[in-house]
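Participant: Make a model of the complete structure from these sequences and hints.
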Amino acid sequence: MTTLATPPQETNEPERPALITPRKPKVGRWALFAVMVGVAVVMLYPFWVMIITSLESEQQFLSGGGFSWLSWSGLSSTIPVGQEVLSSTIVCSASIFVILCVGLPAGFAFSKLRFRTSTSVFLVIVSAMMVPLQAILMPEFVNVTKLGLTGGYFGAILVYAALGTPFSTFLFTTYFRGVPDELIEAGIVDGLGYVGVLGRLIIPVAVPAIATVTVLQFIQIWDDLLVGLLFIQNTNERPITVGLAVLAAGRTTSIPELMAGSLVSALPAMIVYLGFQRYLVKGLTMGIDR
Amino acid sequence: MAEITFDGVTKVFGDDIKAVDGLSLNIAEGEFMVFVGPSGCGKTTALRMLAGLEDITSGTLSIGGTVVNNVLPKHRDVAMVFQNYALYPHMSVEKNIGFALKIRGDSKAEIKRKVDEAATILHLNDFLDRRPKALSGGQRQRVAMGRAIVRNPQAFLMDEPLSNLDAKLRVEMRLEIARIQRLLGVATVYVTHDQVEAMTMGDRVAVLRDGKLQQVDTPQHLYDRPANEFVAGFMGSPPMNLLRCHVRAGKDRVQVVFGDQVIELPWDYTSSHDLPPAGLDVVFGVRPEDVLVADAQSTNTLKTRVERREALGSEILVHLSLDSSSDTSQSPRGELARPVALVAKMGPRQKIAVGDVVFVQFAAEHAHFFDVASGETLRSR
Chain A
1 MTTLATPPQE
11 TNEPERPALI
21 TPRKPKVGRW
31 ALFAVMVGVA
41 VVMLYPFWVM
51 IITSLESEQQ
61 FLSGGGFSWL
71 SWSGLSSTIP
81 VGQEVLSSTI
91 VCSASIFVIL
101 CVGLPAGFAF
111 SKLRFRTSTS
121 VFLVIVSAMM
131 VPLQAILMPE
141 FVNVTKLGLT
151 GGYFGAILVY
161 AALGTPFSTF
171 LFTTYFRGVP
181 DELIEAGIVD
191 GLGYVGVLGR
201 LIIPVAVPAI
211 ATVTVLQFIQ
221 IWDDLLVGLL
231 FIQNTNERPI
241 TVGLAVLAAG
251 RTTSIPELMA
261 GSLVSALPAM
271 IVYLGFQRYL
281 VKGLTMGIDR
Chain B
1 MAEITFDGVT
11 KVFGDDIKAV
21 DGLSLNIAEG
31 EFMVFVGPSG
41 CGKTTALRML
51 AGLEDITSGT
61 LSIGGTVVNN
71 VLPKHRDVAM
81 VFQNYALYPH
91 MSVEKNIGFA
101 LKIRGDSKAE
111 IKRKVDEAAT
121 ILHLNDFLDR
131 RPKALSGGQR
141 QRVAMGRAIV
151 RNPQAFLMDE
161 PLSNLDAKLR
171 VEMRLEIARI
181 QRLLGVATVY
191 VTHDQVEAMT
201 MGDRVAVLRD
211 GKLQQVDTPQ
221 HLYDRPANEF
231 VAGFMGSPPM
241 NLLRCHVRAG
251 KDRVQVVFGD
261 QVIELPWDYT
271 SSHDLPPAGL
281 DVVFGVRPED
291 VLVADAQSTN
301 TLKTRVERRE
311 ALGSEILVHL
321 SLDSSSDTSQ
331 SPRGELARPV
341 ALVAKMGPRQ
351 KIAVGDVVFV
361 QFAAEHAHFF
371 DVASGETLRS
381 R
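Those protein sequence lines, which keep their order, are chains A and B. Here the first sequence stands for residues 1 to 290, where the numbers follow the working numbering. Here the second sequence stands for residues 1 to 381, where the numbers follow the working numbering.
It cannot be assumed that every hint is accurate.
Here are the computed lysine-lysine pairs in the BS3-like style, where the Cα-Cα straight-line distance is at most 30 Å [said to hold, decoys possible]:
#1 B:Lys-102 - B:Lys-133
#2 B:Lys-251 - B:Lys-303
#3 B:Lys-168 - B:Lys-133
#4 A:Lys-112 - B:Lys-95
#5 B:Lys-102 - B:Lys-112
#6 B:Lys-168 - B:Lys-345
#7 A:Lys-112 - B:Lys-168
#8 A:Lys-112 - B:Lys-102
#9 B:Lys-18 - A:Lys-112
#10 B:Lys-345 - B:Lys-303
#11 B:Lys-74 - A:Lys-112
#12 A:Lys-112 - B:Lys-212
#13 B:Lys-18 - B:Lys-212
Keep in mind that the hints were calculated from the coordinates and are not lab data.
Facilitator: See below:
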């Protein structure tokens with residue numbers, strides 16, 4: 001009698017996939033979490049100190065405890081905080097308006113219109129992004145002084161717009177390169193000119209890019225001290241950062257009042273950031289998936 | 001509605017890249033003209049010149065008898081449907097369709113009436129409030145069509161409008177576009193690389209290659225009487241079989257010599273084609289459906305071997321090599337394979353297997369001869 005050798009465990013069943021087991025938390029993940037908590041603490045601690053200190057009187061701050069609204073009520077009498085916040089808002093809004101008015105059409109032209117020198121002009125503009133503010137501050141100051149614009153808002157607006165436009169042009173160009181040409185051509189065949197296409201078709205689809213430019217420029221301009229200090233010489237038009245610097249430079253600086261002022265200064269930038277955060281992430285990552 | 005005339009239209013990109021070379025073509029009022037050809041043949045450039053999206057290097061282009069070479073796109077009164085639809089993403093379907101009318105300055109009531117009319121034709125009434133991103137590919141395509149038809153333009157221009165759709169939807173939309181075009185009777189130029197679309201949709205088809213018009217004719221005539229080897233090979237799926245051979249006029253018959261095999265065709269070919277009695281090397285063309293299986297005892301056959309078999313359900317495509325061919329190569333399974341010379345279309349129940357020796361005949365009245373050097377047909381005009 002012969003016996004048949006059985007083949008080694010051969011079946012017709014398809015091989016089953018291994019059961020999915022829940023991933024065990026790894027040491028690396030915990031370490032990453034710890035690092036992130038540490039970074040968050042480092043970032044948030046100054047805010048905590050600002051909030052706590054601003055809610056103390058001068059005496060309580062020196063003696064190390066207590067609660068008082070004195071620094072907040074005294075802030076407006078020490079510096080014209082309302083006027084300064086308004087000045088910062090005017091300078092920020094006007095600068096961003098100019099930046100958008102120049103950057104949007106420029107980005108559209110560089111990305112969608114064909115003209116001979118487009119690449120070289122674009123490279124020159126982009127290279128302007130690499131020039132630090134401090135390097136061109138004095139020439140700018142001389143020019144703006146010659147124009148007689150160092151007193152009020154206009155000089156600062158001009159400088160901020162000049163500094164922000166290369167970045168916004170670069171960002172809009174990158175963004176518009178991802179917009180299909182057919183969208184523009186459809187508008188042209190439908191009866192629009194290039195200006196119409198920009199206004200009625202491109203700007204509505206460029207909201208993430210506009211938000212990105214707005215937020216980044218707002219934070220940069222709102223927090224800037226140097227340009228405001230040099231170019232806005234009228235004391236009743238100075239921005240909040242200059243006001244705080246003046247407060248800090250005083251001979252009898254009240255630390256709780258300074259902290260209250262700093263909070264007032266920091267809040268708008270934070271609100272703008274949080275409000276536009278959704279678009280900001282989208283705007284900054286655009287182009288990656290194309 | 002108007003006729004369109006290309007008269008020696010040329011487009012040169014840069015210094016020497018001729019995208020369209022002396023295109024002369026007349027598209028009648030209400031005609032559905034299809035531009036077909038492989039990628040880079042100039043069909044889209046020709047369409048874009050018609051739309052005004054590309055400048056014309058030389059020649060004249062007229063719409064309705066008016067030369068439009070220097071007329072802005074918005075003044076040409078043409079509507080275009082793009083490959084990726086190009087819908088305005090921030091507008092609802094209703095606003096997308098009515099946008100051109102709004103720009104034109106039509107009244108709100110007029111826009112509403114026309115949009116509703118277009119939506120009814122395109123079965124879009126239920127989607128008018130939606131944004132394009134909330135629509136399927138087919139619905140987007142219909143919106144793009146709606147945007148074109150609502151303007152009642154002089155001409156429709158369509159740039160591969162079905163290429164982003166799946167196969168089933170493409171067939172549906174093909175019929176839909178043809179129906180709408182016939183309903184509206186507007187001259188239409190339709191660009192595609194898909195010869196099935198060209199054959200099924202066009203009143204006439206213009207075949208382009210390297211910027212040059214190869215042939216323009218009705219689909220059936222183009223299929224039956226290709227002007228050259230390129231058109232013969234491009235139109236039809238699978239394409240026409242094209243074989244190098246020697247032709248000589250025999251006694252009452254035309255002899256076609258493939259290596260050491262000879263078949264004979266009716267003498268009529270000498271009157272309809274320029275086939276010199278002294279003999280000539282030519283390219284012989286025969287459509288796959290005109291390759292017929294014959295008995296081994298039949299005369300006037302070619303002995304072939306089955307190299308590959310593709311069952312498509314409704315038919316079988318059989319790839320044949322000439323049995324006399326001495327060129328062989330090793331297949332992955334170690335068998336000797338010969339280069340495929342012919343593809344035959346056979347019925348689904350044809351008993352045939354790889355390696356079989358098959359005798360084939362050609363439907364005598366459907367043979368084509370092309371000049372070896374120029375590729376032009378040898379058919380007498």
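Participant: Assess, step by step, whether the Cα of A:Lys-112 is no farther than 30 Å from the Cα of B:Lys-212, and give holds or violated.
Facilitator: Since the Cα atoms of A:Lys-112 and B:Lys-212 sit roughly 29 Å apart, the hinted pair holds (cutoff 30 Å).
Participant: Need the status of pair B:Lys-168, B:Lys-133: alpha-carbon distance at most 30 Å?
Facilitator: Within the cut-off at roughly 21 Å; holds.
Participant: With a cut-off of 30 Å on the C-alpha distance, tell me whether B:Lys-345 and B:Lys-303 pass.
Facilitator: It holds: about 17 Å lies between the C-alpha atoms, which stays within 30 Å.
Participant: Would you mind confirming whether the straight-line C-alpha gap from A:Lys-112 to B:Lys-102 stays at or under 30 Å?
Facilitator: holds, 25 Å
Participant: Are B:Lys-251 and B:Lys-303 close enough, with their CA atoms no more than 30 Å apart?
Facilitator: holds, 23 Å
Participant: When you check the alpha-carbon spacing of B:Lys-74 and A:Lys-112, does it fall within 30 Å?
Facilitator: holds, 18 Å
Participant: A:Lys-112 and B:Lys-168: Cα distance at most 30 Å?
Facilitator: Violated, at roughly 35 Å.
Participant: Mind checking the alpha carbons of B:Lys-18 and A:Lys-112 for me, to see if they're no more than 30 Å apart?
Facilitator: Distance ~23 Å between B:Lys-18 and A:Lys-112 Cα, so the pair holds.
Participant: Need the status of pair A:Lys-112, B:Lys-95: alpha-carbon distance at most 30 Å?
Facilitator: Holds - the C-alpha atoms of B:Lys-95 and A:Lys-112 are around 24 Å apart, at most 30 Å.
Participant: Holds or violated: B:Lys-18 and B:Lys-212, Cα atoms, limit 30 Å.
Facilitator: Holds, at about 9 Å.
Participant: Compare the distance between the alpha carbons of B:Lys-102 and B:Lys-133 with 30 Å, and conclude whether the hinted pair is satisfied.
Facilitator: holds, 22 Å
Participant: Going straight from one Cα to the other, do B:Lys-102 and B:Lys-112 come out at no more than 30 Å?
Facilitator: Holds, at roughly 10 Å.
The structure fails hint 7 only (numbered hints given earlier).
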